[in-house]
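Visitor: For reference, the chains in residue letters:
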Amino acid sequence: MAQYMVTESVTEFFSQTGQSVTNGFAYIGSLASLAGRAAYYVFVGPFQGKPLRLQRAVSQAMEIGVRALPILSLITYFIGLILALQSAYELSKLGAMNIVPRAVALSMSRELGPLITAIVVIGRSGSAFAAEIGTMKVTEEIDALETMAISPIHFLVTPKFLAMIVMLPCLTIWANFMGILGGALFGVTQAGFSWLGYIQASIDSLFLRDITTGLIKSIMFGITITTVGCLEGLSTGAGAEEVGRSTTRAVVMSIFLVVIVDLVFTGLFYFVGGR
Amino acid sequence: MGEKNELSLESMPMLSVRDLRVSYGAVEILHGINFEVKQGETLVILGGSGSGKSTLLRTLVGLERPSSGEIWIKGKNIAAISQTELDEIRKKIGMSFQGGALFGSMTVGDNVALPLREHTKLEESTIDIILRLKLEQVGLAGFEYYMPSQLSGGMKKRAAVARALAMDPEVLFFDEPSAGLDPIIAAGIDQLILELKRAFRMTIVVVTHELASAYLIADRMVLIDKGNVVAIGTTEEMRSSSQPRVRQFLDRVAEPEVSRESDYLAMLTEHRRRSG
Numbered sequence: 001m002a003q004y005m006v007t008e009s010v011t012e013f014f015s016q017t018g019q020s021v022t023n024g025f026a027y028i029g030s031l032a033s034l035a036g037r038a039a040y041y042v043f044v045g046p047f048q049g050k051p052l053r054l055q056r057a058v059s060q061a062m063e064i065g066v067r068a069l070p071i072l073s074l075i076t077y078f079i080g081l082i083l084a085l086q087s088a089y090e091l092s093k094l095g096a097m098n099i100v101p102r103a104v105a106l107s108m109s110r111e112l113g114p115l116i117t118a119i120v121v122i123g124r125s126g127s128a129f130a131a132e133i134g135t136m137k138v139t140e141e142i143d144a145l146e147t148m149a150i151s152p153i154h155f156l157v158t159p160k161f162l163a164m165i166v167m168l169p170c171l172t173i174w175a176n177f178m179g180i181l182g183g184a185l186f187g188v189t190q191a192g193f194s195w196l197g198y199i200q201a202s203i204d205s206l207f208l209r210d211i212t213t214g215l216i217k218s219i220m221f222g223i224t225i226t227t228v229g230c231l232e233g234l235s236t237g238a239g240a241e242e243v244g245r246s247t248t249r250a251v252v253m254s255i256f257l258v259v260i261v262d263l264v265f266t267g268l269f270y271f272v273g274g275r
Numbered sequence: 001m002g003e004k005n006e007l008s009l010e011s012m013p014m015l016s017v018r019d020l021r022v023s024y025g026a027v028e029i030l031h032g033i034n035f036e037v038k039q040g041e042t043l044v045i046l047g048g049s050g051s052g053k054s055t056l057l058r059t060l061v062g063l064e065r066p067s068s069g070e071i072w073i074k075g076k077n078i079a080a081i082s083q084t085e086l087d088e089i090r091k092k093i094g095m096s097f098q099g100g101a102l103f104g105s106m107t108v109g110d111n112v113a114l115p116l117r118e119h120t121k122l123e124e125s126t127i128d129i130i131l132r133l134k135l136e137q138v139g140l141a142g143f144e145y146y147m148p149s150q151l152s153g154g155m156k157k158r159a160a161v162a163r164a165l166a167m168d169p170e171v172l173f174f175d176e177p178s179a180g181l182d183p184i185i186a187a188g189i190d191q192l193i194l195e196l197k198r199a200f201r202m203t204i205v206v207v208t209h210e211l212a213s214a215y216l217i218a219d220r221m222v223l224i225d226k227g228n229v230v231a232i233g234t235t236e237e238m239r240s241s242s243q244p245r246v247r248q249f250l251d252r253v254a255e256p257e258v259s260r261e262s263d264y265l266a267m268l269t270e271h272r273r274r275s276g
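Protein chains in written order, with the numbering used here: chain A, 1 to 275; chain W, 1 to 276.
None of these hints come from the bench; they were simulated from the model. Glycine included, every Cβ here is placed at the ideal spot set by N, Cα and C. You may find that some hints are simply not true.
Stated by the list, open to error - Beta-carbon label-pair distances, calculated as ranges:
| # | chain 1 | residue 1 | chain 2 | residue 2 | range |
| --- | --- | --- | --- | --- | --- |
| 1 | A | Ser-33 | W | Gly-40 | 40 to 48 Å |
| 2 | A | Ala-240 | W | Ser-105 | 15 to 23 Å |
| 3 | W | Lys-121 | A | Thr-22 | 43 to 51 Å |
| 4 | W | Gly-32 | A | Phe-43 | 39 to 47 Å |
| 5 | W | Glu-136 | A | Gly-123 | 44 to 52 Å |
| 6 | A | Ser-9 | W | Arg-18 | 47 to 55 Å |
Use the sequences and the hints to build the structure in full.
Guide: Have a look at this one:
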């Protein structure tokens, strides 16, 4: 009897694992399919008589990018300050306070700038995509678009996609700059730098590669955030509580996948690009 | 010869459904539906909750793919055509959803103008004239700058009808036109459907469970129960039908109550078996 129960729970374990793996691949598959179709409408559609909805894309860019500036600036300014404090803690023991600007500039532009920007945008826009499209699904507006022969992907997803891959790198550059400014506050008040001297030291320590790898990552983050948010919205079930559930799932999945994408690309740059 | 062709075109039904089966996963919802709608006719699809009438309507406009069977609209089987061809057919049909399904972020005018802006190359001034005409047709003249959230339930439905009319469709579908409206407003929507039928000889398919409204607007009715067509016929034929299931629905006889516990359990298992 005990033997039988063990066998059963082992079988159960493997079938559960198999199920989750299959579901995971299915999810990645639907993400890729949605991203592919959105990319088609952005890059190929305009040449086949399916014009881009620039007006909608611009208003999305306003919402995703410009309206995120105040909160993003504040957060990345503080992150820069924290980075300076943390690195100074160790560097002061070595008497190497002069490399604080380098530490801050590198960690901001290679990693924290893109990542923090992505997380702020997930909170503001990824969740909003899922809620907006999810609500439209519940109120049959998505069905209405389809019966009017208007593709919901072309109409709703593509403008967000375009706005996101343009705005996220822009926000990232701004975030890097604000982070360096945050570090400068510490540098100037505690490490004897002048404002200009600190900024100059930061710029000198950065190679173009440090910035471009961060920007490439941020474009990938943008694609991930839009696709997850829109997919969760489009797969919303019936009822208002489902909209809440999709929104939560969109945020959690986006953060998770952004970290995965970050890991993959950082690894890629390390092994292929020679750091 | 030409005359014969015209004759056959004239007598060809606008919409024809043949042995239509629809499944959600492993559960079959519609088990072989057959009916036809002639040009200029108003067909009412009647049925209780869970009878499959909404699924039928969603399948007719191409929102659900049937597992087998044919749906002929204007000489094309929409169950077996590509997305592009389906979209061409969809430009010639209009659909009014239960809750209106107006886009909340656009004004009423922009809602009505949307299909025109998407599918035609008309000047903005022409579109403006068309949308005013359509809004006037449904009794909403002057409401083009209102947001959908500022309209009452009945007005939202009228606006949705205006949007469905924007592309001058040949077939108009209604999902529960009187759901959630008080009797007076609902009667107004019925009048609107009658006007569309009289003035434009439009082919109309309405899904409803409201008997009063069905008697008023229908030329013919189809009664659906548990995914099957129970009866089909003109309003008079239905009224005088002696089929027990038809009589039960039309006379609003309640389902027999379950009095014994064992019967109740049997009913529950039956229900579970049916819903998978």
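Visitor: For every hint, state whether the structure bears it out.
Guide: Status of each hint after checking the structure:
1. A:Ser-33 - W:Gly-40: 40 to 48 Å: 42 Å, holds
2. A:Ala-240 - W:Ser-105: 15 to 23 Å: 18 Å, holds
3. W:Lys-121 - A:Thr-22: 43 to 51 Å: Because 47 Å falls inside the window, the suggested range holds.
4. W:Gly-32 - A:Phe-43: 39 to 47 Å: Check passed, 45 Å falls within 39 to 47 Å.
5. W:Glu-136 - A:Gly-123: 44 to 52 Å: 45 Å, holds
6. A:Ser-9 - W:Arg-18: 47 to 55 Å: 51 Å, holds
Of the numbered hints given earlier, the model fails none.
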